[in-house]
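Start from the sequences and build out the full structure, keeping to the hints where you can.
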Amino acid sequence: MSGPTPELKTYSGNCHCGAFKFNIQVPELGSVIECNCNTCFKNGYKWIFADAGNFKVVRGDGMLTAYDFGAGSMIHKFCPTCGTNVLGLPHGEQQGTHVGINARALMDVDLWALESKSHDGAATEPAYKPQEFAGPLPTADIENPTIFTGGCHCGNVTVAVKAKPLPSKGQVLPEIRGPGSPFAGHMEYIQECNCSICMRVLFNLWCFCAYWQGKAAGRCGKMAGYNAEYMAGDITFEPANFGWRELGPDCCEEELQGCGDRTKVRDNVAGTTAPAILIGLFVTFGGLLYGYDTGIISGIIATPWWLEQFATQANPLDHSTKALTPAQTAEVVSILSAGTFFGALAAAPLADQLGRRRALMIAAGVFSIGVTLQVASMALPLYVAGRFVAGVGVGMISVIVPLYQSEMAPKWVRGVLVCTYQLAITVGLLIAAVVEYFSNTIDSAASFQIPVALQYVWAAILVLGMIVLPETPRYLIKRGLHAEAAASLSRIRRLDITHPALVDEIAEIEANHAYEVSLGPSTYRDVFFGSPHLGRRLLTGCGLFMLQQLSGCNFIFYFGNSFFGKFVGSGFLFQVIANSVNVIGTLPGIVFVESLGRRRLLMVGAVSMAVCQLIVASVGSVKGLDPDTTNSLYSVFTSIYIFCFASTWGPVCWVVTAEIFPLKVRAKSMSISTSSNWLLNFIIAYATPYLLGSGQGALNLGPQIFYVWGVCCIFAFFFVWIMVYETSKLTLEQIDEMYERVGRAWKSQSFEPTWSFQNIRQGTQANTTAVNVTAVDIVPGEELRQRTGAATTSSNGTGNDTIRTSGEVIGSSPSTTQSATHATDEDKIVASLGNIDFSL
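All letters in the sequence shown, in the order written, are residues 389 to 1228 by my numbering.
Because the hints were derived from the structure by calculation, they are not lab data. Be aware that one or more of the hints could be misleading.
[As the list claims (entries may be wrong)] Label-pair distances were calculated between CB atoms; the ranges are: (1) T393 - L669: 54 to 64 Å; (2) L1087 - Y825: 22 to 32 Å; (3) R913 - K1135: 20 to 30 Å; (4) K1135 - D508: 46 to 56 Å.
[Said to hold, decoys possible] With a straight-line cut-off of 30 Å between C-alpha atoms, the simulated BS3-like cross-links for lysine-lysine are: (5) K505 - K444; (6) K505 - K397; (7) K397 - K444; (8) K397 - K1135.
In this text, a Cβ means the ideal position worked out from N, Cα and C, and glycines have one as well.
Dropping the structure here:
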């Protein structure tokens, strides 16, 4: 009498680069099988076997490369990109009945805890002769050397190692290797590593030696390196034959997590990122336009001819010239920010209705109208009106450019690309400072008309480029234009529209959007109260932008010329220096935004800026200091502050707000977040003349205004700790998953994505899923997506047990009837592109 059928558990796995991902249902693992045939040995397989019906490809179906060594062996399949040996399929009559999975490719499985069972596959495999090493032998001068040779299984890669004999068993092995080691030149020992790449590709038997030489090509999935298994023709891997060092589960800083983990390796390396990078860099002309327009006002309000033409009161320090009143200064400087506030709010409906491309072109047109009014003005009211209209255009651009960049870029360069927007802003500020430095001495209207009119150039370049650049695939999916979305993504990734990686990416975007649509239409109420945690995300975006302004950055760029001119001589020269530091400081932010992450950069930046601000304020509060010393301290610590801001809060705020919102409300949420930036910008620009000025109603704070900025920077540190989630190395869709599963921002750095929106969608659509899922099995949208935790088994009352894990309906037990009559989501998307067989 047979025992009860063991309960099945769902395991997820993938190759290291993530191009291939799968789920498999087997009884809970207690052991693996190690085969001693030459193919399995060289590739380091640890086998588990399951019925073919319990194996499901989640991503990358059809992309694995097959390697076959005769009818007596299995068909081995590995990833052609990262080399991970994933699975094996049987020959002959057994083909299609079961599948062998390399347990090394499974996530969250401790291989050291599993029992290893042996299988004598060598007794039945075809005859095999290793490829001999035919190249020149290593020429290193080693006393009494041994030549070790070996290669990959197919013979396309052969290796020769020249080393001293292996240490004997029990010999004490040095911890330090290299030229200074007494064992230099020895094949010192073999160690096993449990990092994600070593576990998957079996670079886990490392020979540490001084010299090696070989040739590399490879078509059998065995990769080149100092891999001891290449030496299989000469070394028997038994501890009795040489010094052996085996490292356990704690040997490596990187835990064995798999490629759902946030490693530095891209999770889909098909195609190229070059077009996305070039497109993203081009649209940063919008940032240059924004920065230039922000920067010129500091010089214009200090230009002698402009003051004589537009100011209405005598200069209290020099009655022979004119000066703006505090109210006029506040009006001229802040009115741009008032316009940008309304422009940012208008950007959302425009970008959602007309698309990101067209909205950007319209924004550039509105900006150009404002420039025209400024150039034509000879009185303050028209000049102020022109700055307001130009501000509307700048506000729209400030929302749409990061939105366009984030929706266009793959995740591994998204942060860097959005950072270039801030770099373009700083370059615009620098160009404005340089232009003003040379134009302020012109004794005619050209002193301000030339700097203002140059903005036509930036706007024209942006419009001409957007005519030929593609619309973002995510916007096209949002509008139901699947064929156009596939064509756009094909152009960006340089992949054929039938390529599995491109089809899969489009399907995931479409599935994510379909899920969001299933929860109801997008409204502004959703932006504040929607799920998952949209209100928290909006507070994060608005808070970051408000604190960015309260750090004091635009105080320097708006009023630095007039303020620091009193202390350091030429205010125009100070602006050139400050903006040069701003540009240089942005470069480390671009470099480290992915490697260090968003949270860490923001917190380090907040502390650094606070220290600099408080030092400047303290120096200004101390009476009796030598003026030269005071001015030097102002210059040095203001420059350090600018550098810290430019490398952290300057670019990273734009990156975070471009990432954290789901597609359904992304334009609306970014619009509100960016408008909060401009609202604080307006308040600061309007209030600062009263904080610094003298006379009735003015506080005359002087350098002590830096106490205000310093305290705000301290608050910013705690805000980031509590509110900002780490979004680096996650797709925009995976960020949605993180906000649902991670309740605290400070725990987000350890988050690993496990969901596929294609699976979630399949679990809610009985007509498109690959397994029979009855109405009883379907979990309502919001409930389905919030289901997390270990795999569980539930009965649907029909005799079919459905396995759910991490909120997904993954598949069914062996009793479930398979259905292949329905087209997959990928088929539906690409089928609209033409009468071509796109089956994978």
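Going down the list of hints, with the structure as the test:
no., hint, in the structure
1, T393 - L669: 54 to 64 Å, "holds (58 Å)"
2, L1087 - Y825: 22 to 32 Å, "holds (30 Å)"
3, R913 - K1135: 20 to 30 Å, "holds (29 Å)"
4, K1135 - D508: 46 to 56 Å, "holds (48 Å)"
5, K505 - K444, "holds (26 Å)"
6, K505 - K397, "holds (21 Å)"
7, K397 - K444, "holds (14 Å)"
8, K397 - K1135, "holds (27 Å)"
Consistency note: the structure conflicts with none of the earlier hints.
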